[in-house]
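Trainee: The lines below spell out each chain.
Protein chains: 2
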Amino acid sequence: MSKQEAPEREIVIGSRNKGKLKEIQAVLAGLPVRLRSLSEFPDAPEVEETGATFRENAELKALVLASHLGLWVLADDSGLEVDALKGEPGVRSARYAGQHGDDAANNRKLLEALRNVPEAQRTARFRCVVALARPDSLVLTVEGSCEGRIGFQPRGHGGFGYDPLFLYPPENQTFGDLDPEIKNRISHRGEALRNLRKALAPML
Amino acid sequence: MSKQEAPEREIVIGSRNKGKLKEIQAVLAGLPVRLRSLSEFPDAPEVEETGATFRENAELKALVLASHLGLWVLADDSGLEVDALKGEPGVRSARYAGQHGDDAANNRKLLEALRNVPEAQRTARFRCVVALARPDSLVLTVEGSCEGRIGFQPRGHGGFGYDPLFLYPPENQTFGDLDPEIKNRISHRGEALRNLRKALAPML
Numbered sequence: 000m001s002k003q004e005a006p007e008r009e010i011v012i013g014s015r016n017k018g019k020l021k022e023i024q025a026v027l028a029g030l031p032v033r034l035r036s037l038s039e040f041p042d043a044p045e046v047e048e049t050g051a052t053f054r055e056n057a058e059l060k061a062l063v064l065a066s067h068l069g070l071w072v073l074a075d076d077s078g079l080e081v082d083a084l085k086g087e088p089g090v091r092s093a094r095y096a097g098q099h100g101d102d103a104a105n106n107r108k109l110l111e112a113l114r115n116v117p118e119a120q121r122t123a124r125f126r127c128v129v130a131l132a133r134p135d136s137l138v139l140t141v142e143g144s145c146e147g148r149i150g151f152q153p154r155g156h157g158g159f160g161y162d163p164l165f166l167y168p169p170e171n172q173t174f175g176d177l178d179p180e181i182k183n184r185i186s187h188r189g190e191a192l193r194n195l196r197k198a199l200a201p202m203l
Numbered sequence: 000m001s002k003q004e005a006p007e008r009e010i011v012i013g014s015r016n017k018g019k020l021k022e023i024q025a026v027l028a029g030l031p032v033r034l035r036s037l038s039e040f041p042d043a044p045e046v047e048e049t050g051a052t053f054r055e056n057a058e059l060k061a062l063v064l065a066s067h068l069g070l071w072v073l074a075d076d077s078g079l080e081v082d083a084l085k086g087e088p089g090v091r092s093a094r095y096a097g098q099h100g101d102d103a104a105n106n107r108k109l110l111e112a113l114r115n116v117p118e119a120q121r122t123a124r125f126r127c128v129v130a131l132a133r134p135d136s137l138v139l140t141v142e143g144s145c146e147g148r149i150g151f152q153p154r155g156h157g158g159f160g161y162d163p164l165f166l167y168p169p170e171n172q173t174f175g176d177l178d179p180e181i182k183n184r185i186s187h188r189g190e191a192l193r194n195l196r197k198a199l200a201p202m203l
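Protein sequence lines, in the order shown, are assigned to chains A and B. Heads up: the first sequence begins at 0 in numbering that gives the first Met the number 0, then just goes up one per residue. Heads up: the second sequence begins at 0 in numbering that gives the first Met the number 0, then just goes up one per residue.
Quick caveat, the hints were computed from the structure, so don't treat them as lab data. Check before you lean on any hint, since a few could be wrong.
Computed footprint of chain A on chain B, listed as stretches where at least three residues anywhere in the stretch have a Cβ under 8 Å from a Cβ of chain A [to be verified]: (1) 45-58; (2) 132-143; (3) 190-202.
The beta-carbon is built from N, C-alpha and C at its ideal position, and this holds for glycine as well.
One chain only, chain A, in its complex shape:
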């Protein structure tokens, strides 16, 4: 009798971001899944992130793509919640200064908004929701978060988004300073993905 391999389940990552794909691949390593990038599906619809919460955005993206592609789809939404700004920029993190994904402008706007806020009140957290949707509309969502503080100027050239302003007190470094491997271990997205791995394994 020849050795039977478990059939691999295909999961499409609802993102064209190569860094994200790599991070997801690392956390899900060893599971019988083959991850595919959204770049392989040029006709996939663009899903607007119009939801009021990270959860809504992640689910909407995953559901629309799973239904369109007829495949399992994993999508995430994440952002920064600053306590002194009552949770802002939140779901608007990527477009806080207006244009989507203008990291430099977003960081400038955040520093300006916190200009008169002292160190002790600059608490904040990164939050991430990861949603896995199947074409039959089943959705599994998990969360992760990472507590920190907003610095007074950017530090470090790693990561993206608000990483250079997000100080992680246990390491006394910003997410821009940190080694990617360490960042993945402590980050909001890393935590959400590890929670997903635990929940996903028995479904395969």
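Starting from the known structure of chain A, fit chain B onto it as the hints suggest.
Mentor: Same frame as chain A, now just chain B:
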């Protein structure tokens, strides 16, 4: 060696409706779960169904209760989508005529809204989303639906809500006429619960 019983997982049904509890118990029979009613938790918060979709409402209710009780919680939201009314009453199904849960007034309002709509254009569907939330914020959601047509007057005294107006063509009976056992087999909630059973079993 004594026979080992699998430990039972406790799941709270986020509803005080005894009919719903019974229906859920029937579909999940045989799984190693012990279902508890929300009536056992008099201090549980009332969760307002303010979402724009069945999914949002079901998830919100399950998440808030799971976090409050520290237990797994199963909640559902469902309603009627009438094509001639562009999907109305939808998430407002229970409060279509104003007051929450006034079935007679809701049915009268629906008949009035469809007064001049001929039989062929009275197509509609019941939809249901069931959400299972854990205290760690993991959420599993599944859907079910049932296609039918809105009658010209109420028929049958079974069920609740719009059941006496919802004609199920394969049986040529309304949900108000149908035997509860048959209704559970074909209904939107029955389908969602069977989908949940399949997804839940490997998580226990």
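Trainee: Evaluate each hint against the coordinates.
Mentor: Against the structure, the hints:
no. : hint    : in the structure
1   : 45-58   : holds (count 3)
2   : 132-143 : holds (count 8)
3   : 190-202 : holds (count 4)
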